[in-house]
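Visitor: Each chain, written out:
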Amino acid sequence: MKTVLVSGIRVMMLALACVVMIGCSSAPAPEKHYYLLRTPDSLRTGDGQAGAQVGKVVVPAYLRSAQLAVKVSETEIRPANFHLWAEPAPEAIERFFRLRLAAAHADVEPTAWPRVDIDIVELLGNLQGEVHLTAMYTFYEGAKSLGPPRLYTDTVRQSRDGYAGLVEAHNQLLERLAVEISASIPGS
Amino acid sequence: MDELTAEIKPIRKISMIWLLPVLVAIIGSWVMFQYYSSQGPLVEISLTTAEGLEAGRTRVRALSVDIGVVEDIQLEENLEGVRVTARLSPDTQHLLDAQTQFWVVRPRISADGVSGLGTLLSGAYIELYPGKSGTFKRRFRGLDQAPNARPGVAGVRVQLQGGSAASLTAGAPVLYKGLKVGQVESVGLSDDFEESLVWAFVERPFDQLLNRSTRFWNASGIDISATANGVQINTQSLASLVAGGISFSTPENQAGLEPVEPGQRFRLYGTQREAEEQPYELAASYVLQFHRSIRGLSVGAPVEYRGIRIGTVEAILVGELAELTPTQHAVPVVIRIEPGRVGLPDSQESVARVRDMIEAAVREHGMRASLQSGSLLTGEQLVAVDYYDTGEVAVVGRYQQYDTLPTVDSGLERIEKQVSELLSKFNSLPLQETVAEGRQSLASLTATLDSLNALLGSEATGRVPQQLVQTLQSIEAAADTYGAGSDIEREVGRVLQQLDATLREYQALANTLEEQPSALILPVNRANDPQPKANP
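The listed protein sequences correspond, in order, to chains A and B. Reminder that position 122 of the first sequence reads as 122 in our numbering, one-by-one numbering, no gaps. Reminder that position 352 of the second sequence reads as 352 in our numbering, one-by-one numbering, no gaps.
Please keep in mind that the hints were generated in silico from the structure rather than gathered at the bench. Heads up, a few of these hints could be off.
Example chain A residues on the side facing chain B (calculated, C-beta under 8 Å, incomplete) [to be verified]:
(1) Val72
(2) Arg78
(3) Asn126
Result set (DSBU-like, lysine-lysine): computed pairs, CA atoms no more than 35 Å apart in a straight line [unchecked claim]:
(4) Lys56/A x Lys144/A
(5) Lys533/B x Lys56/A
(6) Lys180/B x Lys132/B
(7) Lys32/A x Lys533/B
(8) Lys56/A x Lys32/A
In this text, a Cβ means the ideal position worked out from N, Cα and C, and glycines have one as well.
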């Protein structure tokens, strides 16, 4: 009985040693990178126009994942394993618009501002560095729509390689959309 | 030698004396020819009487110009008249054809006036009115008096058929708005002797007033009628009062129809009221089944929509009363809805359109018919059509060959019925039990109020408001603690974010294990992420 127990312990130790050797011999995993969507400092001060309350912001499913995604063909996207959002992208996008559209309008009560619902249909870059945004937005006063939904499409090129350039392009496109919405606010 | 002999031949010689009779014969023939060729045409005129006529003296005139003289007057062989032979002037042959008319002009006094006074001194004469047909004729049937319409006068001749032609005589005026525009030419009976038949002539340009919707009525005498509209007295000119007359009218909204053809047959109504009640030929007929007395409703009574006449009561089916049963006891009344009264053409298309409109109005808006008082003075009733919200579904039904309109009581009858129903319900209420229960409830309520007063007056109850205020303050403080913007709300938000981040990590782990289950003990070999390029 004792002989069997000793031989079992030896087998387990040998297996553990093998595992340790395999683990030590494998290459280290690439470093993970985390990215933020930020409102540029120059935009936080506002431009004196009327503001808008941000209502519902809808984003596509690949923006609700922690992984950044890149379009590898017309019908295929690939989530990145080592390039991740530092915070949930939907919350970051909603906060982006809230800050951008409500900045520095002390002369009008925010409760009197119209509400804008934003539907991000597509916000995606490809391997060639082109990042495309398609979005629709609608203004409301209470439950009453102030007009039909408006369509916005835009494309920019990454200023530099890699996912950092992709996120910068995301920022740039969201900023252009915010400018467009701000200029379209009824009564502005 | 032959002896010469003379041959003697007698010579015949006609005496010159024989030229004289030949010359006389030639001259006589020429005189005879001249005599007969200078004679005018000889005409024979058949008359019913030769009163006032005298051979060799009575003249024949055309437009007061002497053109001949009566030469002979003979009795007809059947003694039914006289045959007058008159010699006319030589240049009058073109006046004699099939349309030429002769009549005797005598002194005449009638309702139209006095004529022929000149013949009191000069005696009667025969008037000739020339024809224009061109076919020479020398035998004629003369008229007893001047024709009502001279041949060749423009206009239209119509026949009027009606129940009675009382007071109507030939020559009676045809009136339009009181003015004479024609005359009655003859008064007789129809082919079946059931109705009177009157031929009337309307002169141009007044014949343009006639069309298919024109209505004629006997304007003789005075028409006094008491209807739902009150008492009405209608009369025409003095001549029509004495000698009778015919009036006509055309509905204003039907004035643009085609003029009538000569010989067009019209209905001759007894009075203006009858004619105006039937101004339109086509109508949509419906049966109304009234479950109440129709006293005062008569045939010809108006059918109105909010005071506007749209039709007429056509008949009351009295004969159907014999078929009444205990469950079917309505009195059927036939009404006509006439499209022409609302400005539509008097045509079948308008009738079909009105039927569609009424059916839709009944089905979708509850249109119903009711009896209403038309005149408090005479008690006449009329039929009113309007929309009623009775809570019941209204439909167009069927009664024999007629469609039916639903009926409803209105006015006093409706109020009476509602009051009656209300009183019936009131009578059926258990008033005594209700009053007793009410007294008990009042006693109980009094006791409850006494108890409440005692409770409110106690010291413990006086502390309740203060405790209530304290409770509300506690609730408000709790709401501040847990409400929007509170520390707890922010803490809950942070917890939810951490939970979301944890779930994301777990999802990534789950994805890794799904792709490579050995990742728990072995390192994961993942390909590098594809790198987007700024300048491909």
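Visitor: Confirm or reject each hint.
Guide: Going down the list of hints, with the structure as the test:
A hinted interface residue such as valine 72/A counts as satisfied when its beta carbon comes closer than 8 Å to some beta carbon of chain B; here the least separation is about 6 Å, so the hint holds. Taking 8 Å as the C-beta cut-off, the interface hint given for arginine 78/A holds, the closest approach to chain B being about 6 Å. Given the 8 Å rule on beta carbons, the hint for asparagine 126/A holds: about 7 Å separates it from the nearest Cβ of chain B. Among the hinted pairs, lysine 56/A with lysine 144/A is consistent with the structure: their alpha-carbon atoms are about 15 Å apart, no more than 35 Å.
Using a Cα cut-off of 35 Å, the hinted pair lysine 533/B and lysine 56/A holds, with the two alpha carbons roughly 33 Å apart. Between lysine 180/B and lysine 132/B the CA atoms are separated by roughly 27 Å; this keeps the pair inside 35 Å, and the hint holds. Between lysine 32/A and lysine 533/B the alpha-carbon distance is near 19 Å, which keeps this suggested pair within the 35 Å criterion. Taken as a hint, the lysine 56/A and lysine 32/A pair is honoured in the structure, with Cα atoms around 31 Å apart against an allowance of 35 Å.
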